[in-house]
Amino acid sequence: MLWRFELKLHEYQSKNILSQELIQIPKGTVCFDPNAVYEFADTLNGKVVVKAQVLTGGRGKAGGVKIFSSSAQAKKFASSILGTNLVTHQTGNDGALVSSVLVEELLEIQQELYVSISIDSNCKLPFLIVCAAGGMDIEEIAQISPEQILREDIDPLFGLKEYQLRKLIKLLALPDDQSDSFRKFLSAIWDTFQKNDFSLLEINPVVITSDGRLLAADAKIEIDDDAIFRHKEYQKFDNDSEKDLVEKRANDLGLNYIKLDGEVGCVVNGAGLAMATMDIVNETGFQPANFLDVGGGADQQKIVDSLRIILEEKHIQAILINIFGGVLRCDVVANSILEIEKEYPNEIRPFVIRMLGTNSEIASQILQDTKLNIIMVNNLNEASAKIKSFLSSEI
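For the sequence shown, the working numbering begins at 1 and goes up steadily by one.
Warning: the hint list may mix true and false statements.
Said to hold, decoys possible - No farther apart than 30 Å at their CA atoms in a straight line, the calculated lysine-lysine pairs in the DSSO-like style are these:
#1 371 <-> 388
#2 170 <-> 248
#3 314 <-> 371
#4 342 <-> 371
#5 184 <-> 195
#6 66 <-> 220
#7 8 <-> 342
#8 61 <-> 248
#9 236 <-> 195
#10 61 <-> 124
#11 167 <-> 124
#12 124 <-> 8
To be verified - Pair ranges (Cβ atoms, derived):
#13 136 <-> 209: 33 to 43 Å
#14 226 <-> 45: 17 to 27 Å
#15 42 <-> 188: 27 to 37 Å
#16 151 <-> 19: 22 to 32 Å
#17 109 <-> 45: 15 to 25 Å
#18 283 <-> 72: 21 to 31 Å
#19 226 <-> 19: 17 to 27 Å
#20 194 <-> 170: 23 to 33 Å
#21 385 <-> 170: 45 to 55 Å
#22 393 <-> 83: 41 to 51 Å
#23 346 <-> 24: 54 to 64 Å
#24 140 <-> 109: 34 to 44 Å
#25 232 <-> 89: 20 to 30 Å
#26 150 <-> 211: 35 to 45 Å
Since the hints were derived computationally from the structure, they do not count as laboratory data.
Heads up, the beta-carbon is just placed ideally off N, CA and C, and yes, glycines get one too.
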């Protein structure tokens with residue numbers, strides 16, 4: 001499996017980029033206080049939509065997107081949501097902090113479409129998705145009306161070809177007066193995606209208004225972390241205040257940590273070994289709960305910090321420790337586990353441990369006396385089998 005880590009942008013940041021690429025967006029501005037919301041809404045006679053700016057989906061269903069007909073109403077809503085945590089189906093109970101809102105003109109919508117470009121990790125190619133049912137989650141569309149989803153793979157050497165554009169427009173049955181505009185829109189989306197090293201560019205919905213304008217009414221952009229060095233202008237978007245609290249804490253401790261949605265916590269030294277470990281977990285039918293590389297020169301305190309962060313994540317059902325001992329000796333890791341046992345004497349979740357290299361035999365002897373649920377394995381296949389056996393029995 002190809003693991004990618006992305007920098008996610010807010011809607012207003014995404015739209016600023018689209019506007020710079022001459023892709024039309026609604027008239028709007030980002031606001032950080034209610035008074036600014038009132039002032040801008042007043043320039044549009046109060047007829048605006050106000051959107052909470054958080055890096056998560058499901059804002060509308062969670063009450064984070066509202067339509068107003070007066071500036072006072074828009075200001076009142078902004079006052080109630082700014083500085084609070086918006087809880088959606090993607091955030092968990094803690095929610096995501098709303099530090100700003102996007103205020104935009106209220107559009108008179110004639111038709112909504114869905115457009116996205118992403119990377120297929122299996123065939124290693126970008127692909128374009130177009131759908132006539134805009135404004136809905138693409139996952140919902142796939143379940144309800146999969147035949148409406150149109151896909152075209154894109155050869156990065158040749159780009160989006162004219163015959164592909166004609167095919168999509170024909171299948172969408174767009175009126176003649178919109179066909180040319182939409183063709184140019186798709187070409188511009190592809191050019192923007194490729195030029196900026198995006199891993200995702202999703203516009204949902206693309207709106208055709210009653211006066212014939214074609215606009216990106218919403219936008220989501222993700223940029224491959226490995227491409228940031230080529231785009232210095234995007235480094236300013238990597239704001240610590242937007243990170244998951246656990247990720248921020250781990251980063252402050254000097255840990256290379258990214259939170260994921262799975263059940264198996266991973267502690268590994270080395271980024272390559274960490275990705276291989278995540279692949280092994282994925283093959284069990286379960287998912288890794290994190291990417292965590294403690295680094296080759298980690299000391300005992302860093303290992304303790306790593307384990308503490310993982311053990312505090314209650315949704316994690318098992319911990320996989322995979323260490324290749326070099327500069328980081330295996331006995332240091334073992335002593336870290338004994339140290340963490342003092343803090344969590346009643347911990348019952350299993351620790352599946354594979355340690356090879358410097359002082360690995362000493363490490364095994366050290367762990368013989370622990371009361372934690374330690375399962376020592378010799379290789380990753382054995383680790384995979386133990387994790388699958390334990391988690392399957394818990395279902």
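Each hint tested on the structure:
{"no.": "1", "hint": "371 <-> 388", "result": "22 Å, holds"}
{"no.": "2", "hint": "170 <-> 248", "result": "48 Å, violated"}
{"no.": "3", "hint": "314 <-> 371", "result": "20 Å, holds"}
{"no.": "4", "hint": "342 <-> 371", "result": "10 Å, holds"}
{"no.": "5", "hint": "184 <-> 195", "result": "16 Å, holds"}
{"no.": "6", "hint": "66 <-> 220", "result": "19 Å, holds"}
{"no.": "7", "hint": "8 <-> 342", "result": "38 Å, violated"}
{"no.": "8", "hint": "61 <-> 248", "result": "27 Å, holds"}
{"no.": "9", "hint": "236 <-> 195", "result": "19 Å, holds"}
{"no.": "10", "hint": "61 <-> 124", "result": "34 Å, violated"}
{"no.": "11", "hint": "167 <-> 124", "result": "23 Å, holds"}
{"no.": "12", "hint": "124 <-> 8", "result": "21 Å, holds"}
{"no.": "13", "hint": "136 <-> 209: 33 to 43 Å", "result": "19 Å, violated"}
{"no.": "14", "hint": "226 <-> 45: 17 to 27 Å", "result": "46 Å, violated"}
{"no.": "15", "hint": "42 <-> 188: 27 to 37 Å", "result": "32 Å, holds"}
{"no.": "16", "hint": "151 <-> 19: 22 to 32 Å", "result": "27 Å, holds"}
{"no.": "17", "hint": "109 <-> 45: 15 to 25 Å", "result": "18 Å, holds"}
{"no.": "18", "hint": "283 <-> 72: 21 to 31 Å", "result": "57 Å, violated"}
{"no.": "19", "hint": "226 <-> 19: 17 to 27 Å", "result": "26 Å, holds"}
{"no.": "20", "hint": "194 <-> 170: 23 to 33 Å", "result": "24 Å, holds"}
{"no.": "21", "hint": "385 <-> 170: 45 to 55 Å", "result": "51 Å, holds"}
{"no.": "22", "hint": "393 <-> 83: 41 to 51 Å", "result": "45 Å, holds"}
{"no.": "23", "hint": "346 <-> 24: 54 to 64 Å", "result": "59 Å, holds"}
{"no.": "24", "hint": "140 <-> 109: 34 to 44 Å", "result": "19 Å, violated"}
{"no.": "25", "hint": "232 <-> 89: 20 to 30 Å", "result": "35 Å, violated"}
{"no.": "26", "hint": "150 <-> 211: 35 to 45 Å", "result": "27 Å, violated"}
Checked against the numbered hints listed earlier, the structure breaks hints 2, 7, 10, 13, 14, 18, 24, 25 and 26; every other hint is satisfied.
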